[in-house]
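Here are the chains, one letter per residue:
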Amino acid sequence: MHEIAISTEGMVKIFKTGKEERCAVDNLSLQVGCGETYGLIGPDGAGKTTTTRVILGLLTRTAGKSSVLGFDSMLEPYAIRERVGYIAQQNVLPADLTVLENMRFFASVQSVSKEDQKKRIPELLGFAGLSDFTGRLTGKLSGGMKKKLALACSLIHSPQVVLLDEPTLGVDPVSRREFWNLLGNLRAERGLTIFVCTPYMDEAERCTQIGLIYAGKLIASGSPAQIKGMIPGQVIELTPSNMEAAEKLLDGTDGLLEVQSYGEKLHVLVDDFTRRKAQVEARLDAGGVAYDALRQIEIRMEEAFISLVSQQAGRDNAAQVAPAVNQAGGTP
Amino acid sequence: MTAQLFSTRVEPEKRPPILVENLTKKFGDFVAVDHVSFAVNAGEVFGWLGPNGAGKTTTIRMLLGLLHPTSGSTYVLGYDSARQTKAMHAVVGYMSQQFTLYNDLTPAENIRFYGMVYGLRPAALRARQAEIIHMAGLEGREKSLTRSLAGGWKQRLALGCAIVHRPGVVFLDEPTAGVDPLSRREFWKLIYAMAKEGVTVLVTTHYMDEAELCQRVGFISQGHLVALDTPAQLKRLQMRGEVLEITVDNAEAAMRVLKAAQTSRILPLDEIALYGAQVHAVVNNAEQSVEAVRAILAAQGIAVRSINRIAPTLEDVFISAVKV
Chain S
6 MHEIAISTEG MVKIFKTGKE ERCAVDNLSL QVGCGETYGL IGPDGAGKTT
56 TTRVILGLLT RTAGKSSVLG FDSMLEPYAI RERVGYIAQQ NVLPADLTVL
106 ENMRFFASVQ SVSKEDQKKR IPELLGFAGL SDFTGRLTGK LSGGMKKKLA
156 LACSLIHSPQ VVLLDEPTLG VDPVSRREFW NLLGNLRAER GLTIFVCTPY
206 MDEAERCTQI GLIYAGKLIA SGSPAQIKGM IPGQVIELTP SNMEAAEKLL
256 DGTDGLLEVQ SYGEKLHVLV DDFTRRKAQV EARLDAGGVA YDALRQIEIR
306 MEEAFISLVS QQAGRDNAAQ VAPAVNQAGG TP
Chain H
49 MTAQLFSTRV EPEKRPPILV ENLTKKFGDF VAVDHVSFAV NAGEVFGWLG
99 PNGAGKTTTI RMLLGLLHPT SGSTYVLGYD SARQTKAMHA VVGYMSQQFT
149 LYNDLTPAEN IRFYGMVYGL RPAALRARQA EIIHMAGLEG REKSLTRSLA
199 GGWKQRLALG CAIVHRPGVV FLDEPTAGVD PLSRREFWKL IYAMAKEGVT
249 VLVTTHYMDE AELCQRVGFI SQGHLVALDT PAQLKRLQMR GEVLEITVDN
299 AEAAMRVLKA AQTSRILPLD EIALYGAQVH AVVNNAEQSV EAVRAILAAQ
349 GIAVRSINRI APTLEDVFIS AVKV
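Chains as they are written, first to last, in our numbering: chain S, 6 to 337; chain H, 49 to 372.
FYI, nobody ran anything at the bench for these hints, they're computed from the structure. There could be a bad hint or two in this list.
Stated by the list, open to error - With a straight-line cut-off of 30 angstroms between C-alpha atoms, the simulated DSSO-like cross-links for lysine-lysine are:
hint, chain 1, residue 1, chain 2, residue 2
1, H, 371, S, 21
2, S, 233, H, 283
3, H, 371, S, 253
4, H, 237, S, 222
5, S, 270, H, 307
6, S, 233, S, 253
7, S, 123, H, 283
8, S, 24, H, 62
9, H, 62, H, 134
10, H, 237, S, 253
11, S, 270, H, 244
12, H, 244, S, 282
13, H, 371, S, 145
14, H, 307, S, 124
15, S, 282, H, 283
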């Protein structure tokens, strides 16, 4: 039994088109323990899919190391495939096969014996809530049901690890919740290791460990609580009558760390809420900007992400001034 | 707010910018939208939410006059969507999640194209083009091809094209799908800047954290309007049940035990789910359930570190509202 299910060390992936080089994954190191639910979280184009594909050995690695259950991604991809389930982004199940036919198809691709199929297929369909739809054409399933079927198919060979690339893309909140509840059940009941890529910040809360990825770099990793703990200070939320004026007035306040707009509200990150509340109020009053009652709010993953990305962007800008720059690692 | 009270006929000049009255749409025997009524006030940012297939898009299509209601009516800026469609289109903006932009054109050309479609005069269009380029933060990128722009810029350009003719009402259909959080925040800043100028905005989204940014939201489920209020009020009033956050050393084991207790009906739990290292349970009454949860876990040798009642998220409320 391996303690570490997925590991990458200084992993790099550079795509070359003609003379152009684009660094999609930049010196990325992460470790996923067995039984963890690891969320690789970041916006579109951050490098989530490329990371997943290199880990699985579907793309060649430019540099560094990567392995699953101790098997090297490049040297032993077949050993990985036998033990790992995968849902690709834009995963398309054959639409003209029924739910049951799809399950059988994936079972035979993965060389699952007829006996095992008899036991596992009904079990997995029951788990995915699809027992009543075995005869339905996959093309006629709702978006949420297709995702659940894809999950059931990826589990047909009883993998120890599953890698899911944006499995909830485009599904509505109800189906998204159901899908994550299924993942929670897999973790609790089977100890399955789950590696999931998602652009949804709120899905981070469903993971035990997360990595925030931006422009090919892992900018932070840890438990959701640890990541949120990386943001110093506290958040004041207020609704100003004039957003731009309020932002200008607050600039330069003592103890001010950051100002983020949040719809019609402002999130003002300060070192200490009780100390700075009156100062913030005084500045807005002096500038004639009206506002509703200031209140302290809990920092969420999204505020943390925005703050961490801004810090990273600041460091990148500073690095570009310095002479030694890794050209390939430039952000788009 | 009295917006939801507009169920009787309203005089044309007193109609709010978006008015939906007893709207019903049937496709054969299937009732996609069932007697839905709501109104959106001038300068309001309104979220229109619902699961797939709930009637969300059907409602928007009727508002835009692309689909005729079976009964009831919709008015946009006083125009009857079904009967005065052309006049209405001249004063309404629409942005779809596909960002209908021409990738082979530059941002400036895209703006000019949409401006000409809406019949803007050359001088007015030039001025408007500069405004939109500035609004979208596209200075210096006017001459790059649209295809080469990152998602956030494309999105702001698509919004710019949708409002080139200075519409009074803007419909945004999942405008931020696939855009990174920083760009999303920028985009919402633009939305509120428009609203401050009096533009009325109706936006649909699957991101519940984004729905929180709306001033008011309506939930549609199976054709019925099931909730209509501010996000804060919905979280206070609409949630059936209360959310407990259970912290233990072994969340997986706790989940197994509580799931078994739920299945055997020892413990009435509406929902039980793993959230990272914690377990969330939706119960009828938090105070009454805390000790029962603690006892069941203790009986299996699982020590509880804490059980707290936490505020429901808008997603919790949404799930609870659409559950049959």
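How the hints compare with the structure:
no.: 1; hint: H/371 to S/21; verdict: 49 angstroms, violated
no.: 2; hint: S/233 to H/283; verdict: 23 angstroms, holds
no.: 3; hint: H/371 to S/253; verdict: 45 angstroms, violated
no.: 4; hint: H/237 to S/222; verdict: 27 angstroms, holds
no.: 5; hint: S/270 to H/307; verdict: 39 angstroms, violated
no.: 6; hint: S/233 to S/253; verdict: 27 angstroms, holds
no.: 7; hint: S/123 to H/283; verdict: 46 angstroms, violated
no.: 8; hint: S/24 to H/62; verdict: 63 angstroms, violated
no.: 9; hint: H/62 to H/134; verdict: 21 angstroms, holds
no.: 10; hint: H/237 to S/253; verdict: 15 angstroms, holds
no.: 11; hint: S/270 to H/244; verdict: 13 angstroms, holds
no.: 12; hint: H/244 to S/282; verdict: 26 angstroms, holds
no.: 13; hint: H/371 to S/145; verdict: 22 angstroms, holds
no.: 14; hint: H/307 to S/124; verdict: 23 angstroms, holds
no.: 15; hint: S/282 to H/283; verdict: 26 angstroms, holds
Hint compliance for this structure: hints 1, 3, 5, 7, 8 are not met, and every other hint is.
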